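*Asks:* Below, each chain spelled out in residue letters.
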Amino acid sequence: DQQVKQNSPSLSVQEGRISILNCDYTNSMFDYFLWYKKYPAEGPTFLISISSIKDKNEDGRFTVFLNKSAKHLSLHIVPSQPGDSAVYFCAASAPGAGSYQLTFGKGTKLSVIP
Amino acid sequence: DSGVTQTPKHLITATGQRVTLRCSPRSGDLSVYWYQQSLDQGLQFLIQYYNGEERAKGNILERFSAQQFPDLHSELNLSSLELGDSALYFCASSVTGLSYNEQFFGPGTRLTVL
Numbered sequence: 001d002q003q004v005k006q007n008s009p010s011l012s013v014q015e016g017r018i019s020i021l022n023c024d025y026t027n028s029m030f031d032y033f034l035w036y037k038k039y040p041a042e043g044p045t046f047l048i049s050i051s052s053i054k055d056k057n058e059d060g061r062f063t064v065f066l067n068k069s070a071k072h073l074s075l076h077i078v079p080s081q082p083g084d085s086a087v088y089f090c091a092a093s094a095p096g097a098g099s100y101q102l103t104f105g106k107g108t109k110l111s112v113i114p
Numbered sequence: 001d002s003g004v005t006q007t008p009k010h011l012i013t014a015t016g017q018r019v020t021l022r023c024s025p026r027s028g029d030l031s032v033y034w035y036q037q038s039l040d041q042g043l044q045f046l047i048q049y050y051n052g053e054e055r056a057k058g059n060i061l062e063r064f065s066a067q068q069f070p071d072l073h074s075e076l077n078l079s080s081l082e083l084g085d086s087a088l089y090f091c092a093s094s095v096t097g098l099s100y101n102e103q104f105f106g107p108g109t110r111l112t113v114l
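Respectively, the protein sequence lines represent chains A and B.
The opening residue of the first sequence carries number 1 in the numbering used here; numbering runs sequentially from there.
The opening residue of the second sequence carries number 1 in the numbering used here; numbering runs sequentially from there.
The hints are simulated quantities; they were obtained by calculation from the structure and are not laboratory data.
In this text the structure is predicted, and so the values were computed from the model without any measurement.
Keep in mind that a hint or two might mislead.
What the hints assert, rightly or not - Simulated DEER-style distance windows between Cβ atoms: (1) A:G16 <-> B:S80: 25 to 31 Å; (2) B:T96 <-> A:G60: 23 to 29 Å; (3) A:I113 <-> B:D71: 45 to 51 Å; (4) A:T45 <-> B:E75: 34 to 40 Å; (5) B:E75 <-> A:H72: 27 to 33 Å; (6) A:P40 <-> B:I12: 40 to 46 Å; (7) B:Q41 <-> A:S12: 20 to 26 Å; (8) A:N67 <-> B:T20: 39 to 45 Å; (9) B:I12 <-> A:S69: 44 to 50 Å.
By construction, the Cβ of each residue, glycine as well, lies at the ideal position given by its N, Cα and C atoms.
Go ahead and model the full structure; you've got the sequences and the hints to work with.
*Replies:* Now the structure itself:
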C-alpha cells in the first residue's frame, strides 16, 4: 500500500511560469514532509521541508504548502527555470521507534521548456 | 556533492551471487540509511543504523543484511541474488537520525543481476 502518492509521473512547464507538483499521503502519523530533487546519475538532493504544525514554508523560488485535513501537499516553483528540470520526490516521516526513515512517492519528472 | 560516497557506482553480477555495497557517510553524521529504487518505483527504505547499531528495518529481504562499522561506514550485503534485485541502491546519512534531520544521499550503486 502506497502511503505517499505522486499521481503525476510527469509535468511540462514553460520557463518563467509556475510549476506545481502535488503529493498525497494516507498515513495520518506523518508529521514531517520533505521534497527532494534528483538529476540523472545523482542521488536525491534535499530541497525544502515542512512540519505538520505549519501550512506553508518558503525558500526562495520554492514554496511548500501543506493541507493536513486533505492529506495533501504541493511544491510551487516560481519562476520555473530550465535547471529545475529533474525528478521531484515527495517524502514523509513519522516519529516512531526512534527512527525517522523517509517514505517516498514515486516521483514526478518536471521538464521546464525554454 | 553531498559528502556521502558510495562504491561501486555500477555492479553487474549473476543470479545466485553475493555482493557488497559500501557507503561512507558525511563527516560527523552518525546515522546511515539504505534505500532501494527499483524501476518505476520510489525509494524504498531498507534499514537504518545509528552509531553502529541497527535502528530500524523497513522492507528488507532476509537475503539482505547490513552493518555499520566503528568508523561509521556501512556495508549492505545482498546474497542469493535474483533478477528482481536489480535496482539503484542509495545510502543516506544524517547527523543523528533521532529527530527530523535532513538526509544527505550518495550517488547510488546501480546493481544489475543477469
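*Asks:* For every hint, state whether the structure bears it out.
*Replies:* Taking the hints in turn, this is what the structure says about them:
no. : hint                         : result
1   : A:G16 <-> B:S80: 25 to 31 Å  : violated, 52 Å
2   : B:T96 <-> A:G60: 23 to 29 Å  : holds, 27 Å
3   : A:I113 <-> B:D71: 45 to 51 Å : holds, 47 Å
4   : A:T45 <-> B:E75: 34 to 40 Å  : violated, 24 Å
5   : B:E75 <-> A:H72: 27 to 33 Å  : violated, 39 Å
6   : A:P40 <-> B:I12: 40 to 46 Å  : violated, 19 Å
7   : B:Q41 <-> A:S12: 20 to 26 Å  : holds, 23 Å
8   : A:N67 <-> B:T20: 39 to 45 Å  : holds, 44 Å
9   : B:I12 <-> A:S69: 44 to 50 Å  : holds, 48 Å
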